[in-house]
Structures are given as structure tokens and as C-alpha cells.
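Asks: As they're listed, the protein sequences go chains A and B.
Residues in the first sequence are numbered consecutively from 1, following the numbering used here.
Residues in the second sequence are numbered consecutively from 1, following the numbering used here.
Hints are supplied without guarantee of correctness; some may be wrong.
Where chains are identical, the list cannot tell them apart; a pair therefore holds if satisfied intra-copy or between any two copies.
[What the hints assert, rightly or not] Only pairs whose alpha carbons sit at most 25 Å apart, straight line, appear in this in silico DMTMM-like list of lysine to aspartate or glutamate:
id, residue 1, residue 2
1, K4, E42
2, K3, E232
3, K247, E5
4, K145, D90
5, K3, D220
Honestly, the hints are just simulated from the structure, not real lab data.
There are 2 protein chains.
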Amino acid sequence: MLKKERQALILREVNIHNRVVLSDLSNVLGVSEDTVRRDLQELADAGKIVKVRGGALSKSYHVYSYQENEIYAYQEKTIIARKAISLLRDDMLVLISGGSTNLEIARILPPDLRVIFLTVSLSTAMQLLEHPNAETIFLGGQLSKTAKISVGGDVVAQLNQIKPDLCLLGTNALDPTHGLTDTEWEVVTIKKAMIKSAAKTVLLSISEKLGTVQKIKICDLDEADILITELEPEHASLRAYAAAGLKIL
Amino acid sequence: MLKKERQALILREVNIHNRVVLSDLSNVLGVSEDTVRRDLQELADAGKIVKVRGGALSKSYHVYSYQENEIYAYQEKTIIARKAISLLRDDMLVLISGGSTNLEIARILPPDLRVIFLTVSLSTAMQLLEHPNAETIFLGGQLSKTAKISVGGDVVAQLNQIKPDLCLLGTNALDPTHGLTDTEWEVVTIKKAMIKSAAKTVLLSISEKLGTVQKIKICDLDEADILITELEPEHASLRAYAAAGLKIL
DNA sequence: TTATTACTTGCAGATACTTGCAAAAAACAT
DNA sequence: ATGTTTTTTGCAAGTATCTGCAAGTAATAA
Numbered sequence: 001m002l003k004k005e006r007q008a009l010i011l012r013e014v015n016i017h018n019r020v021v022l023s024d025l026s027n028v029l030g031v032s033e034d035t036v037r038r039d040l041q042e043l044a045d046a047g048k049i050v051k052v053r054g055g056a057l058s059k060s061y062h063v064y065s066y067q068e069n070e071i072y073a074y075q076e077k078t079i080i081a082r083k084a085i086s087l088l089r090d091d092m093l094v095l096i097s098g099g100s101t102n103l104e105i106a107r108i109l110p111p112d113l114r115v116i117f118l119t120v121s122l123s124t125a126m127q128l129l130e131h132p133n134a135e136t137i138f139l140g141g142q143l144s145k146t147a148k149i150s151v152g153g154d155v156v157a158q159l160n161q162i163k164p165d166l167c168l169l170g171t172n173a174l175d176p177t178h179g180l181t182d183t184e185w186e187v188v189t190i191k192k193a194m195i196k197s198a199a200k201t202v203l204l205s206i207s208e209k210l211g212t213v214q215k216i217k218i219c220d221l222d223e224a225d226i227l228i229t230e231l232e233p234e235h236a237s238l239r240a241y242a243a244a245g246l247k248i249l
Numbered sequence: 001m002l003k004k005e006r007q008a009l010i011l012r013e014v015n016i017h018n019r020v021v022l023s024d025l026s027n028v029l030g031v032s033e034d035t036v037r038r039d040l041q042e043l044a045d046a047g048k049i050v051k052v053r054g055g056a057l058s059k060s061y062h063v064y065s066y067q068e069n070e071i072y073a074y075q076e077k078t079i080i081a082r083k084a085i086s087l088l089r090d091d092m093l094v095l096i097s098g099g100s101t102n103l104e105i106a107r108i109l110p111p112d113l114r115v116i117f118l119t120v121s122l123s124t125a126m127q128l129l130e131h132p133n134a135e136t137i138f139l140g141g142q143l144s145k146t147a148k149i150s151v152g153g154d155v156v157a158q159l160n161q162i163k164p165d166l167c168l169l170g171t172n173a174l175d176p177t178h179g180l181t182d183t184e185w186e187v188v189t190i191k192k193a194m195i196k197s198a199a200k201t202v203l204l205s206i207s208e209k210l211g212t213v214q215k216i217k218i219c220d221l222d223e224a225d226i227l228i229t230e231l232e233p234e235h236a237s238l239r240a241y242a243a244a245g246l247k248i249l
């Protein structure tokens, strides 16, 4: 059998069934596993499949790619993400919300970190799945078209039954006197439940959002524990938040 | 034998069998391998065949290679999606699985259709959220890294408590005698529960998957109700499935 | 931990390809 | 027809690629 023929057959198999196993291919094609492995490697190098240990997967299963340039204030969010990651330890149970900062956390999560994540956000979940050692549990429910997260009583009920070590909460608006606020009733309900559920709540916010207020209140600042921004902890604009009882990172 | 004559024979052989092997041609034509190699090279230079090491392939054989970013068999999947959509009615409760065919359904869903979707697939859910009138409920649980769907007992338990009108099930492998099969234990468990839960199950499959078998069985064909492929319902390769009790669309 | 499985690397035999060349064949002109 | 030119062909030497094996390493499972 010609090499190209063999590779075309492999590619076809991957495209039809989404995955192939190396040893199966070796049997079916009548060549050594080494040869199949090299074929898979070539197809992967050509970007036609995704090579994984013991076989290969169709590329369409990995279409979710996110373009860092499109994210507003990308630099700041990366700094925040790094700080947040420093709080994570192996075997923690971490509740994580949606938003681009949390997406960035999921993206740059150290590969060897073994954490169990609970999330209500579709995009955060998608990104977490790319991580080799993270386990991801999605709290299901009715999906909000705007926020792209699970909302509704079911989610709150599920949140009441768990006790995560940490909640990484993306914020919409944050103010020393008005506390944590947001725009959507459904989202507020979920965030309230998340904060109540977690042992510690970490607020993630770019400094631009400091001192801004939205229409619906989630909670006062003292109900959260840690605030992470891209600024130095001693920065003047953070003093009011430290005074409100938040630990600043 | 004249050179032109020889090349015409080679070209015919390539067009009929999609492939030729250099050594075979040398024997059949009674010329040295070098000569055949030069002939193949000329035909390749003229763009009539594709030269590969050890032989040559017909140009159409390479169709599979040149659809990089596109979904595999996109045309076929669109046809299937349209047929599946014809089954949907306002106010139906529809269970929908993952896979690119279901993604296409979600993408081309008529905007005025008011359907409640239940899904375990992250990407299907994402796409459904783009629809103005569809309500989407995500059945949460532990997420499978490979299939990107919720798996585990929780999901099965949730599925047991609902009675959807329709289940749109993307298939991996389908065979008249071996029934519906798949590659992953967790996925099989979920699909079983989906089929059991729904009043009617619709199997979505491109014709290439017909007659293929994977390692783990989901169910026999008679446990599903409708089969949708891109082929005409009367097509010969569908007869065995109709005989097994499936309605063909 | 150990056992197992998959992967990497290097290597050697096999196979296929390139190049140059000279003989054979074909084409052409006289 | 005959000789000349051009093209084609087969061969040989050297090179490149492919393939399977083996030893060692890394990742995963028990």
C-alpha cells in the first residue's frame, strides 16, 4: 500500500468517527505501529488531525480557539489571571464564573495543576477542557442568552449543596459604598449563590471597573474576601477596598 | 509500444482504480521502472495525476485533503440538518446531542421556531444560544474532555426525569446487524439514557458511517425511530435500515 | 510504589528516486 | 535508402525516503 493511500484512509477514518486508535490502525492497515505513528504525526504536522497519546482525534473537536487580541484590556487581564492562579493549590474545589478574565485564567492555568472546577459558564468550561489535569463540572440549568451561563433555581439549589474552597468571580461593577453590582437579575441571583456557597470569594476586576455601579446589587464588599486587579496592592485607588475589609492582591 | 499509448493506458488505469503502483505498471507494460517513472512524472507535470512515492493517485483521490478548516462532509451534513429541522414544531421539547451535524442544525434553525432544547454538548449549547427563540437547557455534570459533553450518573438521572418529544442523536457508527455503536463508554451511557428518555429518537448519520461498527454498543436499530442521511430515502444502501424498522428520511 | 503502555531516538535494510550516460529507436532530411 | 539529429530507453552509481526493530524514556494505570 502506498503511503499516501494509507494516510488518506487514516484521515477519512478520523473525519468519520472523530477518533482513531493507533493499534487498530496498525492491524487494519497491516503496517507496524511505528509507521502508523509516523503517519499520524505527519497528518498532525499538516494540521489535519490532532495527535493524542495512543491515537488521534478529528480537528473539529478542537475548533474552540480564542483570539487574545479581541479581548478588551488583555494585558491587564493576564496580570489578574496570574495573581488568581497563585491562589490555586492541588485538589482544591474551585467555583469559577464567566467573563474574559476567568477565560484567561483557564487558558494560562499551569498544566500540572490538579484542580476540580465548578462552573456555570459555557466558554469557561470550554477552555477548562483544554487543560490536561483539571476536572470540570458544569452546573447545568437554563442558559442565559446574554451571559451564556446557567441560571435559575436549579443552579442555586446545586450551589447550596456544595462547599468549594474558592470562588473566582468575574465582576461587572465594584464600588466601596455600593458594593458589588451587576446588570442582569438572573446573573445576580447566581453570583449571590456562588458567593454564599464558597469558603472564600475572590473578586477579579480590572481597575477601570473600580468605582462603577450597576443597577442590581449582588452584595457588599465585606462578603467577599480577596480583590485582584492589575494594580499593585498598595495603589492609592485600592485603599477604600482594603478599608472595606478586602484583602488586596 | 509507443510512449503516448503507454501513458494513455496508465491514465486510464489511474482513473479507473484511483491508484497505480509503479512496479505493477512496469510488469504489465513490459518496460523498465525508470520509464514508467518518467511517464508518471510527465502525467503529473501535465496535472493529470498526482505522483506519489511508489506510484500515483488520481486527482480526485486527494479531495479529502483539501478542506482544512471546513467541517468534514459539510454539504451532506447541511442536507441532514434540513431534514431534521422539518421534524421540529413549535413548543416541542427536543433533546439534542453533540457532533457537527447537530451543530449545523442549531446553526440553520429557522429563527421563528420556538423550541425548548435540552443538551449535554457545550458546542451545541453555544450555537443554540445564538437563536432568538430557542430556549436552551444544559444538563450539567462532569465534562468529558474528549467528547465535550456532560457525562456521569447525574446526567442519566436528569434524563430519567424528563420526557422529550424528540431526540436528535448524532451517530458515530451504524450497522444493520450491530446496531448503534460508539467508542467511549461514558458517551455510550449518555446516549443510551437519551434514547430511553425521548418519545422518538432520530438518528443523524452521513452515509459514510453506514455499515461501520465501533467497539461499544449503544442499542439495536429498532430502539430508534427515524434515520436521516443525506441520501434519498429510497437509496439501496438504506434498505437494510428500513427493514430493521427505521423510518427513513 | 510497580507494571503497563505509549513514545522517542537511532539504526539498518529495503525500496524508491535522481542524475548522467550511452545505446536504441524514432523522426527527419537528403 | 542512408545518414544525421532528436528522442526515448535502460542501466548504474549515488542519494533520499520509508519501514520495522530495539533500547531507552516518559506517561498512565493499578
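Asks: None of the hints should be skipped; say for each whether it holds.
Replies: Going through the hints against the structure:
no.	hint	in the structure
1	K4 - E42	both (11 Å within a copy, 20 Å between copies)
2	K3 - E232	neither (45 Å within a copy, 35 Å between copies)
3	K247 - E5	neither (52 Å within a copy, 36 Å between copies)
4	K145 - D90	between (33 Å within a copy, 19 Å between copies)
5	K3 - D220	neither (57 Å within a copy, 37 Å between copies)
In terms of the numbered hints stated before, the structure departs from hints 2, 3, 5, listed from lowest to highest.
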